[in-house]
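Residue numbers (the working numbering), protein chains in the order written: chain A, 1 to 115; chain B, 116 to 225.
There may be inaccurate statements among the hints.
Claimed, not checked - Non-contacting residues of chain B with respect to chain A, defined by C-beta distances greater than 12 Å in every case (computed):
| hint | residue |
| --- | --- |
| 1 | E132 |
| 2 | S156 |
| 3 | R160 |
| 4 | I163 |
| 5 | P191 |
| 6 | R192 |
| 7 | V193 |
| 8 | L222 |
| 9 | V223 |
To be verified - Lysine to aspartate or glutamate pairs mimicking DMTMM-like chemistry, simulated, CA-CA at most 20 Å apart:
| hint | chain 1 | residue 1 | chain 2 | residue 2 |
| --- | --- | --- | --- | --- |
| 10 | A | K9 | A | E30 |
| 11 | B | K169 | A | E103 |
| 12 | A | K9 | A | E72 |
| 13 | B | K169 | B | E132 |
| 14 | B | K118 | B | D182 |
| 15 | B | K118 | A | E59 |
| 16 | B | K169 | B | D146 |
| 17 | A | K9 | A | D38 |
| 18 | B | K167 | A | E103 |
What the hints assert, rightly or not - A few chain A residues facing chain B, derived, Cβ under 10 Å:
| hint | residue |
| --- | --- |
| 19 | V4 |
| 20 | P8 |
| 21 | G40 |
| 22 | R44 |
| 23 | G58 |
| 24 | F90 |
| 25 | Q104 |
| 26 | F106 |
| 27 | L112 |
Read the hints as simulated data drawn from the structure, not as lab findings. For glycine and all other residues, C-beta sits at the position ideal for the given N, C-alpha and C.
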Amino acid sequence: NAGVTQTPKFQVLKTGQSMTLQCAQDMNHEYMSWYRQDPGMGLRLIHYSVGAGITDQGEVPNGYNVSRSTTEDFPLRLLSAAPSQTSVYFCASSGRSPRAPYEQYFGPGTRLTVT
Amino acid sequence: LAKTTQPISMDSYEGQEVNITCSHNNIATNDYITWYQQFPSQGPRFIIQGYKTKVTNEVASLFIPADRKSSTLSLPRVSLSDTAVYYCLVEMDSSYKLIFGSGTRLLVRP
Chain A
1 NAGVTQTPKF QVLKTGQSMT LQCAQDMNHE YMSWYRQDPG MGLRLIHYSV GAGITDQGEV
61 PNGYNVSRST TEDFPLRLLS AAPSQTSVYF CASSGRSPRA PYEQYFGPGT RLTVT
Chain B
116 LAKTTQPISM DSYEGQEVNI TCSHNNIATN DYITWYQQFP SQGPRFIIQG YKTKVTNEVA
176 SLFIPADRKS STLSLPRVSL SDTAVYYCLV EMDSSYKLIF GSGTRLLVRP
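Chain B on its own, in the form it takes in the complex (with noise of 0.2 Å):
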């Protein structure tokens, strides 16, 4: 399974877009990339998952680039609620294991 590499925390303040990008320079023809959030006292929750170029859906969009080795998680427009770590992982299509690194903590300030 690839290996990803995200910032450790990122600040934003409410209203703005907030971009997290992932590294994965290991990922396999057939990994998908997959973005989840978790917030404090909670089970990780799907966002979005992409396979190549852009995937947009009604909380988020995933770009990424025509080598793959990279992809960023862009938030509109990020309210309090965003508060919350977010993990990158990149799995196969038929892949129900997943291992999660350290994920990337953002704090939206008011």
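Only chain A is shown next, with the shape it has when bound in the complex (with noise of 0.2 Å):
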């Protein structure tokens, strides 16, 4: 059971480029987000999706995409990197569990560079 997982670790981008940061879970979790983190700062919600073929956004979706095709996979898409994009991204997934309706699990981060 490897939780939630992140491709790739580290990245760097000119400006202008587009890539895809990917995220999978193996916990069978409807819910999925994704997060940036930039230096100092708290998380700030991008996209987060309730199930297979359903997103939205969240409080900062300009210059990203997601799509949600299985339950396990949930990437993200940066259509034009800016270096305002320069940031830690965090993907996560919720389910219910033992300790709380619903918990959510962190993946390690990818670590975002736009020049």
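Build the complex from these two chains, which are given one at a time in their own frames, with help from the hints.
Here it is, written out as structure tokens:
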């Protein structure tokens, strides 16, 4: 049981390039989310999904696209990278646990730098 | 989603008890109070969640007064490894959208 996995761990892009950050979970969770965290700040919600085929916007969705074709995978696409998107990106999935109605499990993060 | 307010930073020493208070004046009837811990270069990790009164697990306790407008995370006998950022969030019992504030940076000194 790997939990939430993210690839790549590090990425450097040039302004205007596009790329996809991968996220996968093996806990059969319905809910998955993407957050970004800028240095010294809290996490901000980008997009989330309540199940395969269903996605919605979070606090800071501009410049990002998502899709959810399977329960396991929730990729995040940067359409045209900008320096303002330099950040650490966390993927999370949530499901009922013995400790909480909905406990969120976070991946290790992808550190993205846009030059 | 209810907004939370918590201290920006706190200092403590090894072996002491640390209490971090969070204010959530607009908490709704169905909201739970949840705390996450984040170490540098890692994703947040669930610590504890409660709805009312007191909840205790192997890591921490959570105290919630009757009006539920605030809550206190209590970490007993902290060690250096408890140095981290602690986030207080409120969420509905079926919520999957977490809105993080800036958190409380706890520094535990030898």
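For a quick check of understanding: which of the numbered hints are violated here, in increasing order?
The structure conflicts with hints 2, 3, 4, 10, 20 and 27, although it agrees with all the remaining ones.
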